[in-house]
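Student: Chains as they are written, first to last, in my numbering: chain D, 1 to 292; chain G, 293 to 586.
Since the hints were derived computationally from the structure, they do not count as laboratory data.
Mixed in with the good hints, there may be bad ones.
As the list claims (entries may be wrong) - One side of the interface only, derived from the structure: several residues of chain G facing chain D at Cβ under 7 Å:
| id | residue |
| --- | --- |
| 1 | S336 |
| 2 | M337 |
| 3 | V341 |
| 4 | F379 |
| 5 | I433 |
| 6 | I451 |
| 7 | S539 |
| 8 | Y569 |
| 9 | L572 |
| 10 | K574 |
| 11 | Y575 |
From the three backbone atoms N, C-alpha and C, an ideal C-beta is built for every residue, glycine too.
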Amino acid sequence: MYARPRSKLIGLLYLTPALVFVTAFTAYPFVQMVWLSFNNWTLITPPRFIGINNFTRALGDDQFWVSLGYTLEYTLLITPILMIGGYALALLVSPNTPLRRFTRAVIFIPVVIGLGVSSLLWVWLFDPRVGLINQALSDLGVIDEPIQWLGTDAWVSTWSIILSVVWKVLGFGMILFVAAIHAIPHEINEATMVDGASFWQRTRRVTIPLTSPTILLVTLISVIGSLLAFDQFYIMTAGQPFNQTATAVFYVYLNSFPYLKLGYGAALSLILALIILVFTIVQMSLTRRRRA
Amino acid sequence: MTAIPMRAPLSRVWWRVWAGRNRYLFGAVCLFIVALMLAPIALSMMASVKSTAEAAAVPPTYIPGSLSLDSYERLWTYQAGLPAYLFNSTATAFMTIAFALALTIPAGYALARFPIPGKELLFVYLLFALIIPYQALLTPIFLMFAQLKLTNTLVGLAIVHTAIQLPFSLYIMRNSFEAVPRELEEAAVTDGANSLQILIRICIPSVVPAIVTVALFAFVTSWNEFLGALVLMSKESTFTLPLILASARDETSLGGTDWGMLQAGITISMIPCIGIYLLLQKYYVSGLTSGAVK
Numbered sequence: 001m002y003a004r005p006r007s008k009l010i011g012l013l014y015l016t017p018a019l020v021f022v023t024a025f026t027a028y029p030f031v032q033m034v035w036l037s038f039n040n041w042t043l044i045t046p047p048r049f050i051g052i053n054n055f056t057r058a059l060g061d062d063q064f065w066v067s068l069g070y071t072l073e074y075t076l077l078i079t080p081i082l083m084i085g086g087y088a089l090a091l092l093v094s095p096n097t098p099l100r101r102f103t104r105a106v107i108f109i110p111v112v113i114g115l116g117v118s119s120l121l122w123v124w125l126f127d128p129r130v131g132l133i134n135q136a137l138s139d140l141g142v143i144d145e146p147i148q149w150l151g152t153d154a155w156v157s158t159w160s161i162i163l164s165v166v167w168k169v170l171g172f173g174m175i176l177f178v179a180a181i182h183a184i185p186h187e188i189n190e191a192t193m194v195d196g197a198s199f200w201q202r203t204r205r206v207t208i209p210l211t212s213p214t215i216l217l218v219t220l221i222s223v224i225g226s227l228l229a230f231d232q233f234y235i236m237t238a239g240q241p242f243n244q245t246a247t248a249v250f251y252v253y254l255n256s257f258p259y260l261k262l263g264y265g266a267a268l269s270l271i272l273a274l275i276i277l278v279f280t281i282v283q284m285s286l287t288r289r290r291r292a
Numbered sequence: 293m294t295a296i297p298m299r300a301p302l303s304r305v306w307w308r309v310w311a312g313r314n315r316y317l318f319g320a321v322c323l324f325i326v327a328l329m330l331a332p333i334a335l336s337m338m339a340s341v342k343s344t345a346e347a348a349a350v351p352p353t354y355i356p357g358s359l360s361l362d363s364y365e366r367l368w369t370y371q372a373g374l375p376a377y378l379f380n381s382t383a384t385a386f387m388t389i390a391f392a393l394a395l396t397i398p399a400g401y402a403l404a405r406f407p408i409p410g411k412e413l414l415f416v417y418l419l420f421a422l423i424i425p426y427q428a429l430l431t432p433i434f435l436m437f438a439q440l441k442l443t444n445t446l447v448g449l450a451i452v453h454t455a456i457q458l459p460f461s462l463y464i465m466r467n468s469f470e471a472v473p474r475e476l477e478e479a480a481v482t483d484g485a486n487s488l489q490i491l492i493r494i495c496i497p498s499v500v501p502a503i504v505t506v507a508l509f510a511f512v513t514s515w516n517e518f519l520g521a522l523v524l525m526s527k528e529s530t531f532t533l534p535l536i537l538a539s540a541r542d543e544t545s546l547g548g549t550d551w552g553m554l555q556a557g558i559t560i561s562m563i564p565c566i567g568i569y570l571l572l573q574k575y576y577v578s579g580l581t582s583g584a585v586k
């Protein structure tokens with residue numbers, strides 16, 4: 001039936017809704033973003049073509065560099081924690097015993113909660129007056145004065161946010177690592193056990209090398225996710241102190257919406273999208289090689 | 293396990309003893325991690341049932357001294373009221389599910405079965421959103437929606453959420469339709485059924501797991517999404533749950549943030565996601581592992 005001459009047309013008909021949708025809500029906005037980035041537009045006056053002025057302005061914009069640098073710093077700090085922590089947990093819980101299955105399921109629970117909601121939850125835990133983290137630390141005798149975790153010191157704020165995000169997304173990498181570890185053929189594991197290899201030898205020589213494609217993949221997903229971080233910063237520090245913790249997406253958001261510098265916001269979006277694109281291409285070529 | 297041979301080196305005997313004890317050690321480590329992961333959720337849920345005075349108490353208590361639904365009552369009538377915000381979040385999530393399925397079931401079927409010219413190129417075009425993060429597209433989308441009068445509407449927000457979920461959903465759907473054995477359709481073809489009848493009667497029942505996976509991820513994405521809603525929704529009556537909670541936190545009334553009410557809202561936001569995850573864990577994990585290698 002699918003070989004009939006008419007079926008080409010019928011097939012295209014089934015595909016049309018999706019094609020229209022992607023054209024209208026992804027491709028067209030993308031084209032418009034490129035157009036916007038060459039214009040000066042604040043909604044009040046009509047858009048005015050200014051060539052690459054938005055881009056040259058970005059190069060001289062200190063806050064843009066601060067935001068980009070801060071986003072990179074955040075990414076560099078959190079990624080190793082997520083990778084090493086996620087992998088260590090995967091090694092711990094990959095055996096299919098009831099307790100480990102249960103642990104696995106529990107570690108994954110925060111992943112399904114929204115980042116916005118979990119950030120609000122941690123704002124409360126970190127609060128200097130009613131927060132239970134300061135309370136627990138002072139009950140344990142670690143601190144005398146409540147610590148201002150969020151929005152006062154950039155370094156302390158960053159680590160507080162990292163702690164909350166690690167809690168939230170650690171299970172994501174773990175579940176993919178567990179799947180990769182389970183995909184290792186039984187014969188290989190049995191052979192190493194017969195040879196008398198210890199757990200650490202097996203991990204170092206067999207498990208990690210055989211799961212390295214997944215490790216790379218999860219690293220890239222985490223890096224892309226961290227470079228696009230917004231919710232947790234918007235909610236937990238709102239960029240404070242002095243916009244030192246304003247991430248790149250946060251700065252794009254500030255320019256486009258509260259400030260309504262639409263052309264400039266679009267130019268910043270485009271720069272950010274190009275940076276992400278590099279990582280996406282690497283990710284896609286890796287997965288393609290893996291499937292081939 | 294066989295008994296340890298008499299002549300085994302002493303070190304190996306010690307290894308066995310240590311390994312035996314290790315089982316308990318690892319068990320304890322597992323339970324410790326479980327406690328650590330559950331603590332924030334449990335503390336928040338417990339804080340949501342504290343009395344009004346206790347929820348705002350300094351220093352705070354870990355465990356509520358008495359149970360009270362005061363915080364939920366205040367949330368119920370906060371601004372437009374909890375029912376309105378629950379409705380906004382739920383309606384957006386269900387529209388996202390409906391749009392995602394309505395677009396990707398026929399598209400996945402077409403890509404898996406029909407000899408469409410330039411098929412792979414079209415497939416790559418449909419996955420376009422993978423390459424360009426939606427966070428970067430929100431400015432032009434906002435402008436377009438302002439013209440189309442779609443800002444401050446749940447339909448508009450559902451469209452954005454669908455655009456986010458489309459590549460993943462299409463990928464899952466195409467793969468599942470390709471895995472349906474063609475022999476199933478042959479009998480129907482000889483009976484003279486057309487492609488729509490085959491899709492509805494034979495193919496769709498065979499891809500139910502994929503439909504569940506797509507619906508599940510569409511729901512969770514939409515329910516939790518924050519930035520798109522923040523950009524598109526400016527009227528408080530159209531806010532979704534995460535938005536109204538974020539704005540409730542910022543609201544500084546006489547007593548400052550109403551922490552008890554905030555925990556009630558967090559609890560209500562978390563419960564559907566955790567419940568669905570616990571019910572459909574299998575789909576969750578398989579969707580994640582196949583989606584991550586897209």
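Student: Which of the numbered hints are not met once you compare them with the structure shown?
Tutor: Failing hints, ascending: 2, 3, 4, 7, 9, 10 and 11.
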